[in-house]
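K.L.:
So you can see what is in the structure, the chains are spelled out below.
2 protein chains.
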Amino acid sequence: MHKAYIISTGTELLLGSTVDTNSMFLAQKLTELGFKVMGKSIVGDNRDTMQAAFKTGLEMADLVVATGGLGPTRDDLTKEVVCELLGCELQIVEAELEAIKQFFARRKRKMSESNLKQAMFPPEARVLHNRLGTAPGMYLAKNGKIVVLLPGPPREMQDMYLSAVEPLLSQESGLKGAKQHTRIIKVFGPGESQVEDLLGEILDKQQDYGVALLAQEGELTIKLSVDNADGQKAEQRLDELCSRITAALGDNVIGSDEASLPQVVASLLSQKQLSLAAVESCTGGLLSKMITDLPGSSKYFWGSVVSYSNQAKQSLVGVKETTLQEYGAVSRETAAEMALGIKQLSGVDIAVSITGIAGPDGGSEEKPVGLVYIGLAYKDKVNVKEMRFVGDRIGIRTLAAKSALDMVRRSLLTEEGAK
Amino acid sequence: MHKAYIISTGTELLLGSTVDTNSMFLAQKLTELGFKVMGKSIVGDNRDTMQAAFKTGLEMADLVVATGGLGPTRDDLTKEVVCELLGCELQIVEAELEAIKQFFARRKRKMSESNLKQAMFPPEARVLHNRLGTAPGMYLAKNGKIVVLLPGPPREMQDMYLSAVEPLLSQESGLKGAKQHTRIIKVFGPGESQVEDLLGEILDKQQDYGVALLAQEGELTIKLSVDNADGQKAEQRLDELCSRITAALGDNVIGSDEASLPQVVASLLSQKQLSLAAVESCTGGLLSKMITDLPGSSKYFWGSVVSYSNQAKQSLVGVKETTLQEYGAVSRETAAEMALGIKQLSGVDIAVSITGIAGPDGGSEEKPVGLVYIGLAYKDKVNVKEMRFVGDRIGIRTLAAKSALDMVRRSLLTEEGAK
Chain A
170 MHKAYIISTG
180 TELLLGSTVD
190 TNSMFLAQKL
200 TELGFKVMGK
210 SIVGDNRDTM
220 QAAFKTGLEM
230 ADLVVATGGL
240 GPTRDDLTKE
250 VVCELLGCEL
260 QIVEAELEAI
270 KQFFARRKRK
280 MSESNLKQAM
290 FPPEARVLHN
300 RLGTAPGMYL
310 AKNGKIVVLL
320 PGPPREMQDM
330 YLSAVEPLLS
340 QESGLKGAKQ
350 HTRIIKVFGP
360 GESQVEDLLG
370 EILDKQQDYG
380 VALLAQEGEL
390 TIKLSVDNAD
400 GQKAEQRLDE
410 LCSRITAALG
420 DNVIGSDEAS
430 LPQVVASLLS
440 QKQLSLAAVE
450 SCTGGLLSKM
460 ITDLPGSSKY
470 FWGSVVSYSN
480 QAKQSLVGVK
490 ETTLQEYGAV
500 SRETAAEMAL
510 GIKQLSGVDI
520 AVSITGIAGP
530 DGGSEEKPVG
540 LVYIGLAYKD
550 KVNVKEMRFV
560 GDRIGIRTLA
570 AKSALDMVRR
580 SLLTEEGAK
Chain B
170 MHKAYIISTG
180 TELLLGSTVD
190 TNSMFLAQKL
200 TELGFKVMGK
210 SIVGDNRDTM
220 QAAFKTGLEM
230 ADLVVATGGL
240 GPTRDDLTKE
250 VVCELLGCEL
260 QIVEAELEAI
270 KQFFARRKRK
280 MSESNLKQAM
290 FPPEARVLHN
300 RLGTAPGMYL
310 AKNGKIVVLL
320 PGPPREMQDM
330 YLSAVEPLLS
340 QESGLKGAKQ
350 HTRIIKVFGP
360 GESQVEDLLG
370 EILDKQQDYG
380 VALLAQEGEL
390 TIKLSVDNAD
400 GQKAEQRLDE
410 LCSRITAALG
420 DNVIGSDEAS
430 LPQVVASLLS
440 QKQLSLAAVE
450 SCTGGLLSKM
460 ITDLPGSSKY
470 FWGSVVSYSN
480 QAKQSLVGVK
490 ETTLQEYGAV
500 SRETAAEMAL
510 GIKQLSGVDI
520 AVSITGIAGP
530 DGGSEEKPVG
540 LVYIGLAYKD
550 KVNVKEMRFV
560 GDRIGIRTLA
570 AKSALDMVRR
580 SLLTEEGAK
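Residue numbers (the working numbering), protein chains in the order written: chain A, 170 to 588; chain B, 170 to 588.
Worth double-checking, as some hints may not be accurate.
Unchecked claim - Coverage of chain A stretches by chain B, computed from C-beta distances (three or more under 8 Å per stretch; other residues unrestricted):
| id | region |
| --- | --- |
| 1 | 174-188 |
| 2 | 296-309 |
| 3 | 379-387 |
| 4 | 464-472 |
| 5 | 528-537 |
As the list claims (entries may be wrong) - So the derived label-pair ranges between C-beta atoms look like this:
| id | chain 1 | residue 1 | chain 2 | residue 2 | range |
| --- | --- | --- | --- | --- | --- |
| 6 | A | Pro359 | B | Ala416 | 55 to 61 Å |
| 7 | B | Glu535 | A | Leu331 | 41 to 47 Å |
| 8 | A | Pro464 | B | Val188 | 20 to 26 Å |
| 9 | A | Asp217 | B | Ser394 | 28 to 34 Å |
| 10 | A | Glu263 | B | Ile353 | 52 to 58 Å |
| 11 | B | Arg413 | A | Pro359 | 40 to 46 Å |
| 12 | A | Val188 | B | Ile563 | 15 to 21 Å |
Keep in mind the hints are simulated off the structure, nothing from the lab. C-beta: ideal position from N, C-alpha, C; glycine also.
Chain A on its own, in the form it takes in the complex (with noise of 0.2 Å):
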């Protein structure tokens, strides 16, 4: 595979505030087209960082791509630092010259001395002609390597590298079809450690694909990626072994691409024609957000109560007194009694309820922060899960929203197998 490497350069970049969307754009751009982006480095108008990504982005790639320093001040440094590395020289190009001279009198100012810069060129280049500013970029192929340089505003930037970078790019040989195939598996459960485990060789004998793991919010994506020229093949090798992981993982697998959970539940519950209502007490509404931040759930979303308060457990949803003072809010009798209790209130097929405590205050030995009960009341049964969350009130929070998707999300599924 044809490797690349980019390179953004601008102080502004370098002071937090501006999202460098130019190397976005790019690293998009070159991964679509067939390109294994290796790296990526910002620096600002300074000769030797320069000179240092430089170096390594020949050194590491076949192709060096990078946007900005091509104006006409003295901080703008890309060509010589490139021209310095691959031996090449700058020289005026007449056009280029014309070019600029013809902007100017159009707009009727004075160009400055400096402004000759832009014009400047190794005469191995191709110069790339600027439509929206004055900088043109350049492609320059030398000792079996590429550098592209790109102006710095985005527009500029973008507008060059669709019209003109990107079609000399495809046409280099080797690139033709050479397109990256991928696959996303997203898993629940089990942590990054234990899904190794379980996928065992597969992660081993990684030869003709690749596979990166990345956990987050309690969420596993799989990252499966082909390269095959041929892509009826490298298709027929992804979807091998996406069985072979879904079989390994089993119901730990929620789906594939941009599956989330609470959209793989809502398509389960569409499917089976089943309504659903929670009860939400550590998580405060954050499980009937994530349930309805999807448009169209008010179809088999009934509604929810946020219990925070005792008093607010016992009225709107029937728990007992007893069973809060004998057990606590946060306790499997407590949990159980909430699920079964909006069940009866809404007429829903499925209730879920969630008490726990998510901190930092209000734990203790025998029942810490991060404990979590989940109820689950479908059918004539109710089922309490005991949970531990380590994390902070953000984190056990969304672990324990998920994880009451989770619940509802398997409990479809099982029923699913038993038909």
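Starting from the structure of chain A, add chain B where the hints point.
P.N.:
Okay, now just chain B, sitting in the frame of chain A:
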């Protein structure tokens, strides 16, 4: 000035779809602390590019801060690469091993062999405890350079940076007192251009101070900055500017610095010892989530009802069937009955209700997407405000929930003024 270099690791950062928020956070924090950020490298799970990035960082800067690659998998290489470059050796740290063992024990999950790696550090390093996850970080000072390794998940990284790394870096000589003096004022209600009009000459006559406006999700942040080596003078100037701005914007100012609407409402309710309950329709739990995101919210928040279906509106908070039929679920009348219903049921001092059309579907010419009614029952009165928001589903829901909080805030302030 001290120089810093930032490295982010993670293959997902090279695909163009994920914003590298870690390096932005660090760039901002290090700049505030007086460091000049020389450059950033973003690398995948590749030993060569990672090595090149650390080499450049150590050459160009006094401090290298890297995020990610501290996990248990074979792709997690950061520590190894750093030790190789600085000539250190990785050894098991017993205390960390114990912490990881306990983490798994608490979760009742089996610790896998690969997790051992997370407990290995060079003996010269200071191990940084991870309060929110399993991977510890490290702070290593060697050969006149400082290398800091932080976990990749943003919340873990930020917590570790703020609690452990920033204090250590602040102790380094030569860094004290280089700080810029700043103040933040938060505003809710008027738009950006309205605020510009209200501030008038405070914005025009920018001389020894800077003013920046940032609009985000209905809230407006005003950032004031003063450069002055004399800290006391700078703070005096900021006090004076804050008074002028507060005078110009009145009740629209919700607070300073990190103040958020839920926090301001929380402190007003606590001061006055008043209790709050809510009924949400189109926001589906978002308002309750915002309120309960704050620890200690059980002191003033009774709970809420997410009356997503009409049936829930009737059975849980007693909205009359005739009201729903005559005026519809999204109406001034329904909003009023929702607020009064929960107030009566819960016995709280203040009840707030939201009903509206968050879209993308469900709008009509008469009642378009974005139409939201917010009801507030307090003492013997109920007020309903009609709002028309523009945006997508998430935007409309966010604005609706925040506007409800703001309505509570203003009603509590007015009362204060009347006293």
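K.L.:
Has the region 174-188 of chain A got at least three residues whose CB is nearer than 8 Å to a CB belonging to chain B?
P.N.:
holds (count 6)
K.L.:
Take a look at whether the Cβ-Cβ distance between aspartate 217(A) and serine 394(B) falls inside 28 to 34 Å.
P.N.:
holds, 30 Å
K.L.:
Given a hint of 15 to 21 Å, does the C-beta separation of valine 188(A) and isoleucine 563(B) actually sit inside it?
P.N.:
At 19 Å between Cβs, range holds.
K.L.:
Kindly confirm whether 20 to 26 Å is satisfied by the beta carbon distance between proline 464(A) and valine 188(B).
P.N.:
At 25 Å between Cβs, range holds.
K.L.:
Test coverage of the region 296-309 of chain A by chain B using CB-CB distances below 8 Å; three residues minimum.
P.N.:
Per the Cβ count (0), the hint is violated.
K.L.:
If you check the beta carbons of glutamate 535(B) and leucine 331(A), does the distance land in 41 to 47 Å?
P.N.:
holds, 44 Å
K.L.:
Verify this for me: three or more residues of the region 528-537 of chain A with a beta carbon less than 8 Å from a beta carbon of chain B.
P.N.:
Contact hint for the region 528-537 of chain A vs chain B: holds, 3 residues under 8 Å.
K.L.:
Can you confirm whether chain B covers the region 379-387 of chain A, using C-beta to C-beta distances below 8 Å and requiring at least three such residues?
P.N.:
It holds: at least three residues are needed, and the region 379-387 of chain A offers 5 whose Cβ sits within less than 8 Å of chain B.
K.L.:
Holds or violated: the 40 to 46 Å window for the beta-carbon distance between arginine 413(B) and proline 359(A)?
P.N.:
violated, 57 Å
K.L.:
Please verify the coverage claim for the region 464-472 of chain A: does it have three or more residues whose C-beta sits within 8 Å of some C-beta in chain B?
P.N.:
holds (count 7)
K.L.:
Okay, glutamate 263(A) versus isoleucine 353(B) on CB: inside 52 to 58 Å?
P.N.:
Check passed, 54 Å falls within 52 to 58 Å.
K.L.:
At the C-beta level, are proline 359(A) and alanine 416(B) separated by a distance inside 55 to 61 Å?
P.N.:
holds, 58 Å
Hint compliance for this structure: hints 2, 11 are broken, all remaining hints hold.
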